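Construct the entire structure; sequences and hints are all you get.
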Amino acid sequence: MTFSLDRRGLFRASAAAAAAALPAWMGPAAIGWDPALAQAPGGHLRVGMTASAVPLSNGCPDQGGEGQRFMGITLYDQLVMWDLSQSDKAATLKPGLATEWAVDPGDPKRWLFTLRQGVPFHDGHVLTVEDLVFTFDRAFKRDAPWFDARASAQVTPRFPTLARWGAGEDGRFWLETSIPDSTIPYALTWLGVVHKGAWEAAGSNWDNYLLKAVGTGPWKLTSFSVRERAELARFDEYWDKARVAKSARLTLLPLPEANTRVAALRSGQVDFIEAPPPDALDSLRAANFRIITNAYPHNWTWHLSMVEGSPWRDIRVRKAANLALNRAELKELLGGLMIEGNGLVPPGNPWAGNPSFKLVHDLPQARKLMGEAGFSAANPLRTRIGISSSGSGQMQPLPMNEYIQQALKEAYFDISFEVFDWNTLITIWQGGAKGPNVRGCTGINFSYAAFDPYSAFIRLLKSDLHAPRGVNWGWFNDPAFDALFTEVYNTFDAAKQDALLARVHEKIVDEALFLFAAHDLNPRAISPRVQGFVQAQSWFQDLTPIRMG
Amino acid sequence: MNSAVANNPTLLATPAAPARSKGYWAGVMKRLSRDPVTLVCGAILLLMLAAILLAPWIAPHDPYQTSMIRRLKPVWFQDGRYPLGTDELGRDMLTRLLYGGRLSWFLGITPVIIAFGIGGLLGIVAGFAGGWVNMLIMRTTDVFYAFPSVLLAVAISGALGPGISNAMLSLTLVFIPQIIRVSETTTTAVRNLDYVESARASGAGALTVVRVHVLPNVLGPIFVYATSLISVSMILASGLSFLGLGTRPPEAEWGLMLNTLRTAIYSQPLIAMLPGLCIFATSICFNLVSDGLRSAMDVRS
Amino acid sequence: MFFYLLRRLLYAVPIALSVSLVCFLLVHIAPGDPVNAIVPADAPAAVVEQIRREYGLDKPLPVQFVLWLWHVLQGDLGRSLATGRSVSEDLYAAVGNTLMLALAAAGIGFLAGTAFGTLAAAFRGTWVDKLAVAFASAGVSVPHYWLGMVMVVVFSVMLNALPAMGAGPGGSASWAWDWQHIQFLVLPALTLSVIPMGIVTRAVRGTVVEILNQDFITTLRGKGLRRGGVVRHVVKNAAPSVLAIMGLQLGYLMGGSILVETVFSWPGTGFLLNSAIFQRDIPVLQGTILVLALFFVVLNLAVDLLQTALDPRIRRT
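Chains as they are written, first to last, in my numbering: chain H, 83 to 631; chain P, 38 to 338; chain W, 1087 to 1403.
Rather than coming from a laboratory, the hints here were simulated on the basis of the structure.
Here the structure is a predicted model, which means the values were calculated and not measured.
Treat the hints with care, since some could be wrong.
Said to hold, decoys possible - Listed below are the simulated SDA-like cross-link pairs for lysine to any residue, each with C-alpha atoms no more than 20 Å apart in a straight line:
id : chain 1 : residue 1 : chain 2 : residue 2
1  : H       : Lys491    : P       : Tyr101
2  : W       : Lys1216   : P       : Arg68
3  : W       : Lys1145   : W       : Phe1110
4  : W       : Lys1216   : P       : Gly79
5  : H       : Lys176    : H       : Asn287
6  : H       : Lys413    : P       : Ser104
7  : W       : Lys1216   : P       : Arg71
8  : H       : Lys176    : H       : Ser471
9  : W       : Lys1145   : W       : Ala1132
10 : H       : Lys491    : P       : Asp99
11 : W       : Lys1216   : P       : Asp99
12 : W       : Lys1309   : W       : Val1321
13 : W       : Lys1216   : P       : Leu69
What the hints assert, rightly or not - Counterexamples of contact, computed for chain P against chain H with all Cβ distances above 12 Å:
id : residue
14 : Trp94
15 : Ala166
16 : Tyr232
17 : Ala238
18 : Ala243
19 : Ala333
Every residue gets a Cβ at the ideal spot worked out from N, C-alpha and C, and that includes glycine.
In C-alpha cells:
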C-alpha cells in the first residue's frame, strides 16, 4: 500500500490512477451524501460526537458534559445559561429563561426568579411559571406522577441543597435550599425546562417523550434514534433573535471510535468532530481541516478511593504516584494538546494558590516514598483503576492511561485497568467507591469541569456528599475540609471567597488527594466549510452561529 | 468465523482408511516432502515459533519501556536501532511484535490443544460407546453448535468480562463441540469397519481395541482438523482483543496492538498495519500447512 | 418425507430450548448479583425488590428459567439498562440491518466463491487453480476487521469514493434501495464477504473436482454428452452440499459481523452487542445472542430441509 501521507505526490498519482480505474458512478463527484439538504439555507451541520449513544433528548441528558453540549443546550433552555459568544475570555453566566434572579433579602436560603415573557416552546406553548414547577417536580419530586427517574439521576447530583420550590403569587418562580448556597445559578444551567403538555402529548410517558422532545431551545428535534443519530432543525421562532441558528439542520452522530470520527470527517460524512486523535492531527491539517483548541476549566485525574482497604489512604502512596508521572511526556503523547496537571484547576486560575507539594517528575523521591510505605520492585502495590474507552473530556483515555500505568510501574505500582463504556463509568462515579459495580477498582479515571466552587471542589470532597447524594466518589472524610467548605458557603465577598478557595486548593494538592494528570485543551477538527464557529472557553459550545459554506 | 470448515464435507477428515501401517506414514512423509507450499509454510511457522520463544534473548529492547520522544517512528529508525520503528508509546515495534507473538500464539493454540484433548476424548467415547452415551454427548454438542462461533466467544467473554483467561475459556468452549463432531464421526466409521468389529467379537477388551485399532486411525484426522482450527483461533483471539475483550494493556498481543495503533494509520500506516500482517501471515501459513497435511494423509490423492 | 420433516421440526424444539437456557445462564455467569445485571445501578431499593420478584430472582434457578422463558415467549426480552428502552424494539431494527449486511456479504461471497471454485476445478492444476486457491486461503486467513480499516483509509479517506461509516445518509430508519444508500453498504459488505468467499471457493472446488473424477461423468463424456450436459450434472450433484455450506455461512455472517459492524459503525446486532458489553448491559447482550442463535437454529433447519428436498438420499438422523 502506498498511502504514506508524507509522500503526497506518490499518493496523488496512485489515487488518481485508482480513481480513473473506478467506474464513473463511484467517483468523488457522485458523493454528495444528501445534496438536497446541503443546499438548504445555512446548510446542514453534521457533528461526530465521542459518546457511544445519542445523549438523552429529555432536557437532562446523560453522557456527561458532551450530552449537555449537544442535546441539553441545543433543544432546551435553562433558567440560567452560559454566555458562549466569546473565545477570548472565560465563559460567564447570563440570563436564560429567567431574566433576573436574586436571593430573598430576608432569607438567604430562598431564591426568586423573574421569568422571561412570551418564550415559545417548539410546539407553540408559551412558557409559564407552572412549567418551571413541572420541570422541578419531574426531576426532583419522587412521588409526582410525572417524576422521571432517568432525568432525576442525571441532575440530582447537581442540586445537593435543593429543598422546596414553587410558583409565587407575583408570577415569579422560587426555590429554597437546605443551607445558604451561592452556587445555585450554576446548578440551574443543567436543568432543561420542559412543559406538561408535551409530556402528555407523548402519552404521559418519558420513554416516548425522548422521541417527541419539546423544549424552547434554538433547535427542535426532528428524529431521535438513540444508537444511531439525532436530527435537529432550526427553530425559527426562537426567543433570542441573536441566537437563531444559521444552519438549517443539525445532525448528531455518536462515533466513539476516534478513527471512525477522523474517517467520517475526511470522507465528508461529518463536518465537525470532537477530540480528534493526536496522531491524526498532522494529516488533518494537511488535508485542510482546521484544528481548534481552547483552554477551559477542566481536570483529568484519577479519582482515588479513600474507603477502608484502599491503598490510596496512605498519603505517601498518593504523593509517590504524582511524582512518578512525567507530565511533559504525557503532553508529548497528546501532540501538545493538554496542559500539565496543576491540581484541580489549571495554572493561572485565581483559586490555584501556591501549594508546597510540587507536581513535578521526581522518580527517586517517588521510590523513596513507596519504600517508606512498604513497597518495592519485588513487592509492588497492586491495584485496579476503572477507565473509559472514550468520552467527552476523557481526552485519549486508553493510551494516556497505558502511559501512566508504565510511568507508575517505575515507582513500584502494578496497575491493572477495568475498561468501561463512558456512560457506565459516569454511573459508577455517581455510585461511589462502595457502589455495586466498581469491580474492585480503587480509583477511576474521571474528568470534570471546575465551573464554580461547588463543582470544582465541594462536591468531590465534602464528607456528606458521598453517593447517592453527591459525587464524593472516594468517600473522603476530613473535618478540616468540611470546615473550610462551610466557610466558603458563608463567604459572600468574592475576593475573600477566592482567597479561601486558594487555601482549599493548596490543601488538596499538598495532600495529593488525586492523581493530577492533565487539563484538556478541548481539541476539535472542523471542515473548511464550517464558518462562524466561536470556540468559547467552556465545556459547552454554541452551535447556532455556524453556517455551512 | 471460518469454523464452517467443520461442516464442509470436502474439507473434513477423510473417512476412516484401513489401519495405517508404517508404509502409510512413510507415504505421508514422502508426499509432504514433495509439497513445496506446505514445506515453506511449515518452515516459516517454525522460524516464527523460534523467534517468539527466544524473544527475551533476541528482542532488541524492553517491550514495556515507553518513551514519548521516540513515539511512532518509522521503520529503520536510528539506522536500524529500531528496525520496525516504534509504537504509539515509543516502544520498539520489533520487540513488541516478538512478545506479542508469544501471547497471540498462546491464545491461538492453547484453546485448540485443550479442545483437542477434551473434544477428542468425548468424541471417541461417544463414537466408540454408541447408544445413550453417544446420544448424551452429541445432543449437548448440538446445543453449542447452534451458536455461530464468533457469537459464542463474544457472548461468553462479554458476560464474564475482559481478560486473557476468559477469552481462552470462551475460545475453548467454541472449539470443543467442533472437535467432538469430527472425532465422533471418524470413530464411528472406524468402529464399524469389519476387522474392528471382529476384534471386538473375539473378546478383546474395549481399551485394547481403542488403543490398537481406533486411536491410530482417528487421531490423525482429528489432529489435521485441529491444525485448521489454529488459524481460526488466532483470528478470533485477536478479534476479541481488538474489541477490548481479550488481552489488556500493557501486554503485547497482535490484536490489541492493532487496536491501539489504529489512530496511527494516518501518520505511520506501515507501522499500524504490521500487527495485522503478522496475524495474516501466521494464519495463512497454518491454513496451508493444514491443507498440505490433509492431502498428504488422504490416501486417495 | 412428511415424517422426516416432522422429526426435524420436533428436534429443533429441544435445541431452541437449550439455546435459551444457555442465554439465560449468561446473566448468572456474569460476575455479581444477577439483579445488578438487570436494574440500573441508581435504581431505588424498592424498584430493585420489585424487579427481583418480577423476574423471580428470589426463586430456585429452574423456576427462574421458566419465568424468564415465559417473558421471552411474550416478546419481552427485558429493558436495556443503558437506554431503558425495550430490548425487543432495539433488536428489531438491529436484526434487520445485520440481515441486510449479511445478505449482501453472502451474495458477494457466494457469487465470487462459486465462480472462483468452478474455475479452479475446471482448470485444475493450472495457474488459474493456484491463484483461486491462494485467494481463497487469503480470504479465510485475513483478520477481516483489519481489512475493513485499510479499506476505509483507501476508499473513504484517500479516494473519497465511498462512505466510511453508518447506514445511509439519514440513518438506517430511512433506508432506500438507491445508490445514495447502497454505497454505504459496499465497504462493510465487501469486508464481510472475504470469509464466505474463501470457504465457498474451497468447497465448490473440492466438490466439483470430486464429481468430475467420478465414473459417471467419464461415462457421460464417453457417451458424447455435450459440455452443457456435463455442467448440468455437476451442478445437480454439487448443489446440495454447496448449499448447505452457504446456508451455514449466512448464519455465521449474522452472528459474526460484530467486528465489521464496529469498524463501520453499522447499526446492527454486532454494534448493539459491542456497546452492550461495555455498558455492562446484560439484558441487551442476552436478548441479542438469543435472537441470533435462534435465527441460526432455524437457518440450519431450513438448510437441512432444502438439502433433503434437492437430494432425498441425504437425511440426517
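Outcome of the hint check:
no. : hint                   : result
1   : H/Lys491 to P/Tyr101   : holds (10 Å)
2   : W/Lys1216 to P/Arg68   : holds (18 Å)
3   : W/Lys1145 to W/Phe1110 : holds (15 Å)
4   : W/Lys1216 to P/Gly79   : holds (19 Å)
5   : H/Lys176 to H/Asn287   : violated (32 Å)
6   : H/Lys413 to P/Ser104   : holds (12 Å)
7   : W/Lys1216 to P/Arg71   : holds (16 Å)
8   : H/Lys176 to H/Ser471   : violated (35 Å)
9   : W/Lys1145 to W/Ala1132 : holds (18 Å)
10  : H/Lys491 to P/Asp99    : holds (14 Å)
11  : W/Lys1216 to P/Asp99   : violated (42 Å)
12  : W/Lys1309 to W/Val1321 : holds (19 Å)
13  : W/Lys1216 to P/Leu69   : holds (18 Å)
14  : Trp94                  : holds (22 Å)
15  : Ala166                 : holds (44 Å)
16  : Tyr232                 : holds (57 Å)
17  : Ala238                 : holds (60 Å)
18  : Ala243                 : holds (49 Å)
19  : Ala333                 : holds (35 Å)
The structure fails to meet hints 5, 8, 11 from the earlier list, while all remaining hints are met.
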